[in-house]
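First to last, the protein sequences are chains Z and L.
Heads up, the first sequence is in our numbering, so the first residue is 1 and it goes up one at a time.
Heads up, the second sequence is in our numbering, so the first residue is 1 and it goes up one at a time.
None of these hints come from the bench; they were simulated from the model.
Just so you know, these numbers come straight off a predicted model, no measurement behind them.
Where hints are given, some of them may not hold.
[Claimed, not checked] Chain L side only, calculated, beta carbon under 10 angstroms to chain Z, not exhaustive:
{"no.": "1", "residue": "A10"}
{"no.": "2", "residue": "R44"}
{"no.": "3", "residue": "R46"}
{"no.": "4", "residue": "T209"}
{"no.": "5", "residue": "I226"}
{"no.": "6", "residue": "E256"}
Even for Gly, the Cβ is constructed at its ideal location relative to N, Cα and C.
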Amino acid sequence: MAWPSPLEALVIGASAGGVAALQTMLGSLPGSFQAPVFVVLHVPKDRPSGIPELLGGYCALPVLEADDKQPVRPGHVYFAPPDYHLLVESRDALALSMDEPVLFSRPSIDVLFESAAAVYDRGLLAILLTGASSDGSEGVAAVRAAGGKAWIQCPVEAAAPAMPNAALAHAGADAVLRLGEMCERLKGSPA
Amino acid sequence: MVFAEMTDDATELFDIELKLLLDAVYMRYHYDFRGYAMSSLRRRMRHAMGRFDCERMSDLQHRILHEPAFFADAMQYFTVQVSEMFRDPAYFLGLREQVLPVLKTYPSIKVWVAGCSSGEEVWSLAILLAEEDLLDRSVIYATDINPEALAKAEHGTFAADRMPLFSRNYLAAGGRGSLSDYYTSAYGNAMFDRRLKKQMVFADHSLATDSVFSEVHLVSCRNVLIYFNRELQDRAVGLFREALVRRGFLGLGGKESLQFGAHADAFEPFVANQRIYRKVAP
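Just chain Z, same shape as in the assembly:
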C-alpha cells in the first residue's frame, strides 16, 4: 500500500492546477485523520492567497495558513503563506523563512519536503500533485532517502504533468496514482 507505518505526517506539494486537485484531496480526508498535514501550493506573492479559507470549506479538518513557530497539532492542515518558505522545525513547531526562492518559488515544495523528511523520516508520506515546475523533485528524493514514502500523481491525468514527470525521473516514487485513487487511500488511511 506504500504507507509509512505508522503515518506521522503528510506533506503535499502542488503548483499549476493545484487548487482544484487540493480541493478534491483535502475534501477526502476524514475528520478522524490523525496526522498533521503540511501543504505548499505555489501562489502569487504579493497578495493574501485566500486559499486556506477557500479550501477549508471543503475539508473536515481545520485548515490554517501557518504562522512562524506555530505548534503542530494532529489532524490540522497548515498551508505555507505567500512569499514564505514553510518548514517543519520539530514535531512540535513549524518555521517560516524568507530564504531565497528555490526554482523561482517561495514557498518551495523542496524546502518543505526536505525539512519534514529530516524530522519525520520513516513516518512521512509525501504527495506530489500537478504542476508546471520541477519543484518537488529534490524534496521527493529527500523523503525517500530518509525512509518515508512518496506518492506522485499520475502525469497522464495531472492538469500540468511537468512536475510529476520531473520528480518521477529524478527520484522515482513508491506509488504513481490518480487523484481519485489517492483520495480513496487517504479515506481509509491506517492513521
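Take the given structure of chain Z and dock chain L to it, following the hints.
Positioned in the frame of chain Z, the structure of chain L alone reads:
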C-alpha cells in the same frame, strides 16, 4: 530496512556536526547561532558546503576556524538578508496612522530597528518620521550582528532598479510625496538624502548575547525572529519588553506572532491585521 536505518544515521550525524560547527563559531568568533531554527540552518549549511566545495561539514568547520576571512564570506549563509523599503505597506500605514499619533505626544521619540540588515526599513522609517514632522526629535537605533550589512545600511544607497518596487510600496504606505524626493540617482544607484541620516545610530548588537542599551518607544523587528528557535525568540522579545517604555510599541513581521511565546501576556494587539503590538500596563 537497512537503507532507512543508515539514512536516519546520516540525518543525525549531520545535526551533530552542525551543532559542533555552531559551538565552534561561537567559541572562535563570539557569534551565537546556537539558538537559530535548525530547519533553515540545515539547508543553508548544505548550500555553504556546496558553494565552498566542502564534502563534509567538518571541512567547512576547519576552514571557518582557521581562516577568519573565510568566515566573513561564510557569514552570509548564517544570516538572511532580504528586505525592501516599505515592505508590507500596510504595516507602515499602520505605524503612520495609529502608532505615530501616540508617539507624537512624547517630547522625544526613540525607535529601535533590531536586526536591520542592509537598512531598507531604517530609511523607510526615517522618511515616515520626516513626513509626520517627527524626525528632528527622534533617534533611530539600527542594530545588526553583520558588520557588512550594517555598513550598507549606514550608506543608504540601494540599486536603482529596486526603486519602482520601493516607490509602489511607499505610495501604498501612505507616502505624502514621491519616493524620488528623497534620493538622487547616479551610476545605477539611488543614494538617499543625508538629512534623513542625522538621527540614525548604527550599532553592532546581538539579540542572542547582548543586553538592552536604551529605553525606546517603538521596536521594529521584522522577519528576524523567524530564524530563531522558541527559546531565542523568548530572549529577544524579553529584551524588547525590557527596552520599551510603559505602553510602548512592538512591530513584527506579517507571519510572526507573540502568541506562542513566553511574553504573550505582556503585549496586546494594537493594529488590526498587522503584527503591531502594544505593551500592556504592568
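Structure-based check of all given hints:
Taking 10 angstroms as the C-beta cut-off, the interface hint given for L/A10 holds, the closest approach to chain Z being about 8 angstroms. The beta carbon of L/R44 is positioned within 10 angstroms of a beta carbon in chain Z (closest approach about 7 angstroms), and the interface hint is therefore held. At about 9 angstroms, the closest approach between the beta carbon of L/R46 and any beta carbon in chain Z falls short of 10 angstroms, and the interface hint on this residue holds. The restraint placing L/T209 at the interface with chain Z is violated, with a minimum CB-CB distance near 21 angstroms, outside the 10 angstroms limit.
Restraint check, L/I226 versus chain Z: the minimum CB separation of about 5 angstroms is within 10 angstroms; hint holds. With a least beta-carbon distance of about 5 angstroms to chain Z, the hint placing L/E256 at the interface is held under the 10 angstroms criterion.
In terms of the numbered hints stated before, the structure departs from hint 4 and from no other.
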